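J.: Read off the chains here:
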Amino acid sequence: MRTYPDNPQKAYYFGTCLVDMFYPGAGMAGIKLLQQNGVKVIFPSQQTCCGQPAYNSGFPDEARTVARKQMELFYKDYPIVVPSGSCAGMMRHHYPKLLANDPRIDQVIHFSERIFELSEFLVHALNIRLEDQGLPIKVAWHSSCHALREMGVTEDSKSLIRQLKNVELVELQRESDCCGFGGTFAVKQPAISAAMVKDKADDIGQTGAERLITGDCGCLMNISGAMQYANSSIKGQHLAEFIWERVNGQS
Amino acid sequence: MANHKPLDFENNVSRALKDTQLIKNIQSAMDTLVLKRKNIFADPAETEQLRALGNATKSQALGKLPALLERLEKKCTDNGIQVHWAETIPEANQLVLDIMKSHGATRLVKGKSMVSEEMELNAYLQKHGIEALETDLGEFIIQLNHETPAHIIVPAIHKNRDQISKIFHDNIPDAPYTENVDELNAIARKTLRQKFQKADVGLSGVNFAVAETGTLCLVENEGNGRMCTTVPGVHIALMGLEKVVEKLEDLPPMLRLLIGSATGQLITTYVNMITSPRKPGEKDGPREVHLIILDNGRSKIYADAQRRQTLYCIRCGTCLSHCPVYNRIGGHAYGYIYPGPIGKILNPQVEGLEAAGVLATASSLCNACEAVCPVKIPIPDLIRRIRNESYSKDPTSTVEGHGYKSNWIESLAWKIWAFVNTHPLVNAAGIKVLSALGQKLPEVGPLKHWTRYRKAPEFAPRSLHELVKQNGVDHE
Chain B
54 MRTYPDNPQK AYYFGTCLVD MFYPGAGMAG IKLLQQNGVK VIFPSQQTCC
104 GQPAYNSGFP DEARTVARKQ MELFYKDYPI VVPSGSCAGM MRHHYPKLLA
154 NDPRIDQVIH FSERIFELSE FLVHALNIRL EDQGLPIKVA WHSSCHALRE
204 MGVTEDSKSL IRQLKNVELV ELQRESDCCG FGGTFAVKQP AISAAMVKDK
254 ADDIGQTGAE RLITGDCGCL MNISGAMQYA NSSIKGQHLA EFIWERVNGQ
304 S
Chain X
7 MANHKPLDFE NNVSRALKDT QLIKNIQSAM DTLVLKRKNI FADPAETEQL
57 RALGNATKSQ ALGKLPALLE RLEKKCTDNG IQVHWAETIP EANQLVLDIM
107 KSHGATRLVK GKSMVSEEME LNAYLQKHGI EALETDLGEF IIQLNHETPA
157 HIIVPAIHKN RDQISKIFHD NIPDAPYTEN VDELNAIARK TLRQKFQKAD
207 VGLSGVNFAV AETGTLCLVE NEGNGRMCTT VPGVHIALMG LEKVVEKLED
257 LPPMLRLLIG SATGQLITTY VNMITSPRKP GEKDGPREVH LIILDNGRSK
307 IYADAQRRQT LYCIRCGTCL SHCPVYNRIG GHAYGYIYPG PIGKILNPQV
357 EGLEAAGVLA TASSLCNACE AVCPVKIPIP DLIRRIRNES YSKDPTSTVE
407 GHGYKSNWIE SLAWKIWAFV NTHPLVNAAG IKVLSALGQK LPEVGPLKHW
457 TRYRKAPEFA PRSLHELVKQ NGVDHE
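Note that the protein sequences, when read in sequence, are chains B and X. Heads up: the first sequence begins at 54 in our numbering, then just goes up one per residue. Heads up: the second sequence begins at 7 in our numbering, then just goes up one per residue.
Because the hints were derived from the structure by calculation, they are not lab data. No experiment lies behind these values; they were computed from the predicted model shown. For every residue, glycine included, the Cβ atom is placed at its ideal position computed from N, Cα and C. Hints may be right or wrong, so weigh each one.
As the list claims (entries may be wrong) - A few chain B residues facing chain X, derived, Cβ under 10 Å:
no., residue
1, Arg117
2, Gly142
3, Pro149
4, Arg264
Said to hold, decoys possible - Dumping the calculated SDA-like pairs for lysine to any residue here, alpha-carbon to alpha-carbon at most 20 Å:
no., chain 1, residue 1, chain 2, residue 2
5, B, Lys122, X, Ala419
6, B, Lys251, X, Gln33
7, X, Lys107, X, Glu76
8, B, Lys241, X, Glu16
9, B, Lys251, B, Glu221
10, B, Lys93, X, Lys475
11, B, Lys63, X, Gly436
12, B, Lys63, X, Gly478
13, X, Lys382, X, Ala51
14, B, Lys241, X, Val450
15, X, Lys24, B, Asp255
16, B, Lys288, B, Ala262
17, B, Lys122, X, Val450
18, X, Lys42, X, Leu272
19, B, Lys63, B, Glu125
20, X, Lys382, X, Glu482
21, B, Lys93, B, Asn60
Stated by the list, open to error - Some chain B residues close to chain X (C-beta under 7 Å, calculated; not the full set):
no., residue
22, Pro97
23, Val119
24, Leu126
Please model the complete structure; the sequences and the hints are all you need to start from.
T.: This is the structure we're talking about:
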């Protein structure tokens, strides 16, 4: 069991590159949830990407350059909250390997220990209580592989959804199966990736859910893209944005 | 494998994806294996401890591999087992042939051995006028159908009952057509029984070789392995050099891990511990036992500390069963005897990157394999390593074919990516341009592959950086 900061006053926020470009509303919702629960959020304005795309594609030197830059920007001893299990996994579990030969490896490890995925931070550090204001809705939850197997935060995310009294959470039959995103995998092996995302979309379809909720924008982009392509009426949404709308009404 | 032809992976994949019967057979069988494994390793904390022990056992054994192999050879020799070393596949095949010839033998019965598949031993022996018959039921089925195994543990898993009925009827003389499983088993049993009685030599693999006692341990469920190693007058055992463990007491946890991961059983029906040929006064057992220890690229992998972890593999096949990619393309699409996640890291290192490097692209890095591996091989990290080696021009690299994919376009693209992501102003300007273009990006390159199956994502009109500024979030 990892330990969480007790009653943190301040937290850094690492928005991630996909949120920045495609889902800024989700990123903003995460910030507002933290603020609403008494945390002063610091957003270093020069932040970009965690480096995972290069790291996974066979370009560790480029990944290192980008990783070092982020570490410089988040230098103060605050927890760092990330609205993505995958990017959080990269910064928490892979930075120490990627930068193993760094003379300042102690600092790398200390940085990694400050990384928290948004759900786990809301649940364990803030002990958040959610008052649902929304209309009844049925949703399905998709866990990213890295939220599930690297960060181990899937139960935290689902516990947040379960706090919402008008939301019915339906389980996927094959919840732990990868959706087929995998970063550049989706374009390097497009046919295999397509078979995987089709199965995921079908699994979501059979639940009868109106909306798909996930904590990772890579999966969201992949699954929503496939569902839209198949003219499905199910919409995908990031967990942070969904929760924000449920407790505050749509803005 | 002797075959160094570059793999046409793309073609293999597209053929497999279209074979709905194949994928249905594979997926339903894999679901069963996954469930059985889950039930046998029901306690997560205990399983984690056991896997850590498995990892430590392999790590320690490989840490002193040369010494353990010497000890194994000495112990076996003292016990009367003749030990042979083969650096390459042709050498190993030659050794088997020489042993057969020295006995004037023409009939070989085989228990399941992945190393023999690696050697393509059956084809080799056939060329030299020797009949090599697979006696493991799954291997027997695919041998009849002239196929290679589709899975390390369950080689004929891609075939359903109807298909097997037809294979038997078409290939076994006088076999009636039947879809009854008991009758099919009886046909196989009758056919094989005659072969066991007439065989000159029996061949098997080795699951673990124990250095301190010179014991060859072999697990199986059908009894055919015991027949192959006890009925014929000569027994030849084949092993990869990584299969050695130090002590007899290493076996119980390793067997628990192997068997639980492979078939979801607590123990197999047969556990064979072979320590010597028939001794004077004993009534059964082979009069000669040979152990052939094969390298075939393993020592090259061994020399690199990170890559060495590839050799921890105990061939349980559970990474295949849990792999979302294997589940959608089956085993044959990988083009090598070892498919699935372990194949993605093993084949490129053994065959060279030019031949098999493409396999490392067939992973979404979902970590399902790593999460279940009984000896905790960090398969995703090793896939990243292979991907990196594929582009690496580092002259000190020991990976055959390193840098084969190196090209200025991709190198430049990642250099630009790193530049943009370390220069926030450039990054912000870039995102502004992209959001202005919105959906109007030309569908070329990676985007073209994306939109063949999905709607393209839309760039938001305002980035998070802009929203944050607008909302007055502190940036210290």
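J.: Each of the hints needs a verdict: does it hold here or not?
T.: Evaluated hints:
For the restraint placing B:Arg117 at the interface with chain X, the shortest Cβ-Cβ distance is roughly 9 Å, inside the 10 Å limit, so the hint holds. Taking 10 Å as the C-beta contact cut-off toward chain X, the hint placing B:Gly142 at the interface holds, the least distance being around 9 Å. Given hint, B:Pro149 at the interface with chain X, is violated; its Cβ is 12 Å from that chain's nearest Cβ, farther than 10 Å. Annotation: B:Arg264 was flagged as interfacial toward chain X, and the flag is violated, the nearest CB pair being 17 Å apart, outside 10 Å.
For the hint pairing B:Lys122 with X:Ala419, the CA-to-CA distance comes to about 19 Å; that is within 20 Å, so the pair holds. About 15 Å separates the Cα atoms of B:Lys251 and X:Gln33, which keeps this hinted pair within 20 Å; it holds. The hinted pair formed by X:Lys107 and X:Glu76 fails the criterion: a straight-line CA distance of about 27 Å is larger than 20 Å. A C-alpha spacing of about 10 Å is found between B:Lys241 and X:Glu16, which places the hinted pair at or below 20 Å, so the restraint holds.
Restraint check for B:Lys251 and B:Glu221: not satisfied, since their Cα atoms lie roughly 24 Å apart, outside the 20 Å limit. For the proposed pair B:Lys93 and X:Lys475, the alpha carbon gap of about 15 Å is at most 20 Å, so the pair holds. Of the supplied pair hints, the one linking B:Lys63 and X:Gly436 is violated, its CA atoms being roughly 30 Å apart against a limit of 20 Å. Straight-line distance between C-alpha atoms of B:Lys63 and X:Gly478 comes to about 15 Å, which keeps the hinted pair within the 20 Å bound.
A hinted pair counts as satisfied when its Cα atoms are at most 20 Å apart, and X:Lys382 with X:Ala51 qualifies at roughly 15 Å. Note on B:Lys241 and X:Val450: the hinted pairing holds, with a Cα-Cα distance of about 14 Å set against a maximum of 20 Å. Annotation: proposed proximity of X:Lys24 to B:Asp255 holds, straight-line Cα distance about 18 Å (limit 20 Å). Of the supplied pair hints, the one linking B:Lys288 and B:Ala262 holds, its CA atoms being roughly 9 Å apart against a limit of 20 Å.
Taking the CA atoms of B:Lys122 and X:Val450, the gap is near 31 Å; set against the 20 Å cutoff, the hint is violated. Distance restraint check for X:Lys42 and X:Leu272: the Cα-Cα separation of roughly 10 Å lies within the 20 Å cut-off, and the hinted pair is therefore satisfied. Between the alpha carbons of B:Lys63 and B:Glu125 the distance comes to roughly 18 Å, so the proposed pair stays at or under 20 Å and holds. Of the supplied pair hints, the one linking X:Lys382 and X:Glu482 is violated, its CA atoms being roughly 42 Å apart against a limit of 20 Å.
Between B:Lys93 and B:Asn60 the CA atoms are separated by roughly 12 Å; this keeps the pair inside 20 Å, and the hint holds. Nearest Cβ of chain X to the Cβ of B:Pro97: about 6 Å, under the 7 Å cut. The hint holds. Interface hint status for B:Val119: upheld, as the beta-carbon distance to the closest one in chain X is roughly 5 Å, under 7 Å. For B:Leu126, the interface hint is violated, since its Cβ never comes within 7 Å of a Cβ in chain X; the closest pair sits about 9 Å apart.
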